[in-house]
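S.K.: The residues making up each chain are set out below.
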Amino acid sequence: MSSTEQLSTRHLLGIKDLNEQDIQLILDTASNFKDVLNRPIKKVPSLRDITIANVFFENSTRTRLSFELAEKRLSADTINFAASSSSVSKGETLIDTVNNILAMKVDMIVMRHPYAGAGVFLSRHIDAQIVNAGDGAHEHPTQALLDSFSIRERLGDLAGKKVAIIGDVLHSRVALSNILCLQKQGAEVMVCGPTTLIPKYISALGVKVEHDLMKALNWCDVANMLRIQLERQDIAYFPSLREYSMLYGLNKQILDSLDKEIIIMHPGPINRGVEITSDVADSAHSIILDQVENGVAVRMAVLYLLAGKRG
Amino acid sequence: MKQSLLLDGPKFEITLKRLCQQLIENHGDFSDTVIIGVQPRGPYMANRLRQEIKTISGADVQTGALDITFHRDDFRMKGSSPLQASRTDIEFLVDDKVVVFVDDVLWTGRTIRSAMDAIQTFGRPKKIELMVLVDRRFSRQLPIEPDYIGIQVDSIDAQKVIVSWKETDQEDSIVLITEEK
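Residue numbers (our numbering), protein chains in the order written: chain L, 1 to 311; chain A, 1 to 181.
Next comes chain L alone, as it looks inside the complex (with noise of 0.2 Å):
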């Protein structure tokens, strides 16, 4: 331990910014803020003197509550704002919602934004810290240190581990930080899905790509199922949901047919009987729930350290 200990980064924009010291660190603190949870008074005093405002120009539940109960845990101030009760909608641009919302004295935003690249855009016209809840198809940090953070609770150590991605990898920002978060921490990843749903050319990120559900599943220790994002899907890419259900949608029978014991994630929320049914997504395999309750601690540890950046 060195007073060298903090994060490279200023901001949170996505995990290509962070090295490999920075997630361990960002693991290791999550982990004595989950004990912190788990005490008769879950609050610690350190950001008292810090406003951070919640920015959503898209819905989300878990993530935005997830970070609100994150801020309040470290005695922050917050305030939240959602898009579509605010005056986005009478044509105010981005960064001049921001500052007006800067002008209040806030230190942080935590923003989710449909278009990819928004947080870093921000991060260049404003000076306040940056966090990204999630910018298109692009990055959703957190939610792949939560993952990460979950997958080692089981585990341990993810150098050599194997994790599949199974599902809607091109409109899933989830998918690409969860590589790249994976990948810094020296784990293998595949992805597998239909053809029209795997990004051209992943595999130049040095990800194995599959079609075959079954190989996939009997390849991995770790299945994390995405959703079938269908708001974001503009043109057909499949015929049918039954019809990807039936060849990509994860079941008790698939599971009870694999020789081994794989753990099952998911992001959220979950189209239950289209990517994953529910006596799998309930089943002990699962660690969806645990991933939720995690997400809290992650985003503590997130919060925390870029805090203790500023000074």
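Hints were generated in silico from the structure; no laboratory data involved.
Cβ coordinates follow ideal geometry from the N, Cα and C atoms, glycine included.
Don't take each hint at face value.
[Unchecked claim] Here are some of the chain L residues that sit facing chain A, going by a computed Cβ distance under 10 Å:
1) 5
2) 7
3) 25
4) 39
5) 42
6) 43
7) 304
[Said to hold, decoys possible] Which residues of chain A face chain L? A partial, calculated answer using Cβ under 7 Å:
8) 70
9) 75
10) 82
11) 83
12) 84
13) 85
14) 88
15) 121
Knowing the structure of chain L, use the given hints to seat chain A on it.
M.R.: Using the frame of chain L, we list chain A on its own:
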């Protein structure tokens, strides 16, 4: 850099034994008392006290480790301590217990202030006492004084007091270090 040895070997042992005797005198069978070492260096002392008390009186006193990183008052200030926390390991509630904080060196008192804040998240102790191996007197920034003291040292801010423990540093010793300009 000048080093002067303040305590080691048998004298170190004698000091620890005396501290244990004082604890036994005040806390009897420790049914109501817990010892909590303040991270990062306090837990070594807490564990040693626990073993010693067991040898002397047979009482098995509950011990824990408390990390105060998230309760510091210098978070985000220039030159402040590392961000990364150590483990907190308290497997019991401290409601209505007498908590004895144990740390190797007491200097400004700020760590102990943070510890008093941090322990509240585990309940409301009946009483909190403070035991330190080394008291750097006349250097307090807060109105905090120890109840049990191993040795007292007069030092200036530029000096450092380093306590080594057999368990990790091969030997028991207390050294005063003076940086020469």
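S.K.: Now tell me if each hint is right for this structure.
M.R.: Hint check results:
With a least beta-carbon distance of about 5 Å to chain A, the hint placing residue 5 of chain L at the interface is held under the 10 Å criterion. Among the interface hints, the one on residue 7 of chain L holds; its C-beta lies about 8 Å from the nearest C-beta in chain A, closer than the 10 Å criterion. Hint on residue 25 of chain L holds. Least Cβ distance to chain A is approximately 6 Å, under the 10 Å limit. Hint status for residue 39 of chain L relative to chain A: holds, with the closest Cβ pair at about 5 Å, below 10 Å.
With a cut of 10 Å, the hint placing residue 42 of chain L at the interface with chain A holds, because the nearest CB-to-CB distance is about 8 Å. Interface hint at residue 43 of chain L: satisfied, since its Cβ lies 7 Å from the closest Cβ of chain A, which is below the 10 Å cut-off. For residue 304 of chain L, the suggested interface contact is upheld, since its CB lies about 7 Å from the closest CB of chain A, less than 10 Å. The interface hint given for residue 70 of chain A holds, since its Cβ lies 4 Å from the closest Cβ of chain L, which is under the 7 Å cut-off.
Satisfaction of the interface hint for residue 75 of chain A is found here, the shortest Cβ-Cβ separation to chain L being roughly 6 Å, below the 7 Å cut-off. Annotation: residue 82 of chain A was flagged as interfacial toward chain L, and the flag holds, the nearest CB pair being 5 Å apart, inside 7 Å. Annotation: residue 83 of chain A was flagged as interfacial toward chain L, and the flag holds, the nearest CB pair being 4 Å apart, inside 7 Å. Against a cut-off of 7 Å between C-beta atoms, the interface hint on residue 84 of chain A holds, since the closest Cβ of chain L lies about 5 Å away.
Taken as an interface hint, residue 85 of chain A checks out: its beta carbon lies about 4 Å from the nearest beta carbon of chain L, inside 7 Å. With a least beta-carbon distance of about 6 Å to chain L, the hint placing residue 88 of chain A at the interface is held under the 7 Å criterion. Because the closest C-beta pair between residue 121 of chain A and chain L is about 4 Å apart, less than 7 Å, the hint holds.
The structure agrees with every numbered hint stated previously.
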